[in-house]
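I would like the entire structure built from these sequences, with the hints used as guidance.
Protein chains: 2
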Amino acid sequence: MKKVVLNLAVSLDGFIEGANGEVDWCIMDDDMNFETFIESIDTIFYGRVSYDAWGNFEPDENTSPAERIMWQGIHAKNKFVFSSQSRQDEKATYITTDIAKKVSEIKQQKGKDIWLYGGANLIKTFINSGLIDVYKLSVHPVVLGSGKPLFEDLKQRLNLRLLNTRIFRSGVVELTYEPEQITNR
Amino acid sequence: MKKVVLNLAVSLDGFIEGANGEVDWCIMDDDMNFETFIESIDTIFYGRVSYDAWGNFEPDENTSPAERIMWQGIHAKNKFVFSSQSRQDEKATYITTDIAKKVSEIKQQKGKDIWLYGGANLIKTFINSGLIDVYKLSVHPVVLGSGKPLFEDLKQRLNLRLLNTRIFRSGVVELTYEPEQITNR
Chain F
425 MKKVVLNLAV
435 SLDGFIEGAN
445 GEVDWCIMDD
455 DMNFETFIES
465 IDTIFYGRVS
475 YDAWGNFEPD
485 ENTSPAERIM
495 WQGIHAKNKF
505 VFSSQSRQDE
515 KATYITTDIA
525 KKVSEIKQQK
535 GKDIWLYGGA
545 NLIKTFINSG
555 LIDVYKLSVH
565 PVVLGSGKPL
575 FEDLKQRLNL
585 RLLNTRIFRS
595 GVVELTYEPE
605 QITNR
Chain C
425 MKKVVLNLAV
435 SLDGFIEGAN
445 GEVDWCIMDD
455 DMNFETFIES
465 IDTIFYGRVS
475 YDAWGNFEPD
485 ENTSPAERIM
495 WQGIHAKNKF
505 VFSSQSRQDE
515 KATYITTDIA
525 KKVSEIKQQK
535 GKDIWLYGGA
545 NLIKTFINSG
555 LIDVYKLSVH
565 PVVLGSGKPL
575 FEDLKQRLNL
585 RLLNTRIFRS
595 GVVELTYEPE
605 QITNR
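Read top to bottom, the protein sequences are chains F and C. The first sequence begins at 425 in this note's numbering and counts up one residue at a time. The second sequence begins at 425 in this note's numbering and counts up one residue at a time.
A hint or two may mislead.
As the list claims (entries may be wrong) - PhoX-like, lysine-lysine: derived pairs with alpha carbons at most 20 Å apart:
| # | chain 1 | residue 1 | chain 2 | residue 2 |
| --- | --- | --- | --- | --- |
| 1 | F | 572 | F | 548 |
| 2 | C | 526 | C | 501 |
| 3 | C | 560 | C | 572 |
| 4 | C | 579 | F | 572 |
| 5 | C | 572 | C | 548 |
| 6 | C | 531 | C | 572 |
| 7 | C | 572 | F | 572 |
| 8 | C | 572 | F | 579 |
| 9 | C | 501 | C | 536 |
Claimed, not checked - Take a look, some chain C residues computed to stay more than 10 Å from chain F by CB distance:
| # | residue |
| --- | --- |
| 10 | 437 |
| 11 | 466 |
| 12 | 472 |
| 13 | 474 |
| 14 | 530 |
| 15 | 554 |
Unchecked claim - Output of the computed footprint for chain F on chain C, the stretches with three or more beta carbons under 8 Å from beta carbons of chain F:
| # | region |
| --- | --- |
| 16 | 491-504 |
| 17 | 566-578 |
Hint data in this document are derived by calculation from the structure and do not stem from the laboratory. We treat Cβ as the ideally placed atom computed from N, Cα and C, and that holds for glycine.
Okay, structure coming up:
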């Protein structure tokens, strides 16, 4: 079954962006092998705002070849946009109702995993609905002090199981978890 | 020169205790070798409330031998209590004014490092005064959702350099950082 993977950069104090939306602290190092992650998925879930901002992003001519290839890889995926309103879009399928049921149906399809891209509201919905199978957080060596927290309005404590860690030259530490099953508590 | 080391358990979302003061999520595993850390320090800095709660804590008869030895080790250290009011205490020295100057003087003394024990207010003062040399955070595999944040009312962004990581059986990941020097930015 496909897994829903949240793969996200966070500051050491748990913010996904600064108080003014800053993401200038996010590091993308060669040794992160982000392309390996991109190869492991065939589907991307976007919130509507994130899709409008990044769903069809085209890097400009100053972009490195590696980053161009990354964007080509991203744009080759099957895209779903979670939104209150549907929209005609030949490059994405809109989901407006019955999120848990639709996600469950998509997970039953054969293929690779699903990247839960964000933004914050969609992530919150997925966390609180128990729809995330893997949390892959790249903890950055910076404390922002304020901003948009990854975990917000959590309905209950979330127990996790550490699956893997990777350490990068930049000091970013990638922590990969799965939710602990309630029966195992 | 002695270093001031903040060594603390945090949840993945950056809380040092839950909304009702819960610390039941804190794991102390054998493989953490906490006694090695205790051996690396000869001084402990407490806030007044933390000192009253833990500064002279005596484990009861049900406590494991390993934990008794840990407490003996802790109580053999040179203790300083940061408080607005001084107090007579033959087991600790009270510091009520000129924190930065007094800390600087203690750091000049020969010997091992200093454990900044907490609580939250003292940690906040030390962070914002740039008095912490090493951040050693044991990131626990749990998201609390609310509670007392480690980093609160930070005056400015804090850039760190990753020094070390340790991964424990329990899924706790210890991340050790030093503050990045402004001249290196």
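ask   = Honestly, which of those hints from before does the structure not fit?
value = Failing hints, ascending: 6, 10, 16.
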